[in-house]
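Go ahead and model the full structure; you've got the sequences and the hints to work with.
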Amino acid sequence: MSQTPNLDTPIPQPFYHFTNSSWHPATSPTTTTTTTTSTPLQTLRLTTWNIDFRVPYANQRMTKALSYLSTLHDSSHTTPSVIFLQEMVWSDLLLIQQQPWIQERFYITDVSTGNWALGHEYGTTTLIDKRLDVRGVWRVRYSASRMGRDALFVDIGISGFGDGDGRQTGPEDSILRLCNTHLESLVSQPPRRPMQLRLAAQFMRGDGPSVPHAAILAGDLNAFAPEDLTAPEECGLQDAFLVLGGQDGTEESYTWGQQLSEYERGRFGCSRMDKVLFCGGVEVQSLEKIGAGEKIWIEYPQESDSEESSETGEDMWVTDHIGLQAVFRIVR
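The sequence shown begins at 0 in numbering that gives the first Met the number 0 and counts up one residue at a time.
Since the hints were derived computationally from the structure, they do not count as laboratory data. Zero decoy hints are in this set.
Here are the simulated distance ranges between beta carbons: (1) 298 x 39: 47 to 55 Å; (2) 118 x 185: 12 to 20 Å; (3) 185 x 250: 20 to 28 Å; (4) 282 x 145: 35 to 43 Å; (5) 300 x 145: 33 to 41 Å; (6) 210 x 142: 17 to 25 Å; (7) 242 x 312: 40 to 48 Å; (8) 71 x 189: 35 to 43 Å; (9) 99 x 296: 20 to 28 Å; (10) 265 x 119: 26 to 34 Å; (11) 77 x 311: 41 to 49 Å; (12) 235 x 41: 22 to 30 Å.
Quick reminder that beta carbons are idealized off the backbone N, C-alpha and C, glycines included.
The structure is reproduced here in structure tokens:
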């Protein structure tokens, strides 16, 4: 007899670090030993990007995406980073685990698809800078979803950094809660995305393992319908793009549509599907687009040695989404 999955409630999961040539659970989020440090977390850099799972050449596209992300997250950066990824498939998780720069500098939340909704081939995953003090990782599966969508939360201690091995080095008094989510696609009646965002916002404010000092949500919010324009404010969340002076409906705002075929772009247009939202004691310092124009080259197969063609291949977009990168300052 199958067990009904827990919906709209936190489901703890491990996170992993690379040691002894393989990935291992770093530590149980509920049994982590804590010591003190005098180095509080001041700023955080957050990157979010959806890598389209539907189109072919998944390995080639993800390899290019990870290579691009490595240039944004080299060891010279002093600000700790977190990377949110959506529409990951099993092969993407394997590629993530194989990257030396990720092995060296990041925890990962998933080494398999086991934490995703049963029967769904894609999901979210998060990469967490090893300098951060990870207090817990957990998911909330949306009951208002027909597509297995969820919110992946990571709690970060903001009183101090971690030691790089999954052990906390700061007192458990302040939490920065991070939420990676991919809201429902397409049109539905009643609209599902506002219900999903409302639930995520409740956990951002404290309906979870602890009450956070601040919270940041980012991801593919599929925001293309009229109700999506007002949902963040109705949920008590600030929109980083708007706070920094951006305007909806402008070329600057769009994160989806530019990297589609002419037919698809004419049919669906462009929209600001991807967003960074926040509440509590943080201030957004900057927000920029990332990943625009990234492509791979696909060689055409030749049926015979004698066959000649002026076209040997074509460019393919890495993904249909443009990503976002934000920098936040902790307000104490």
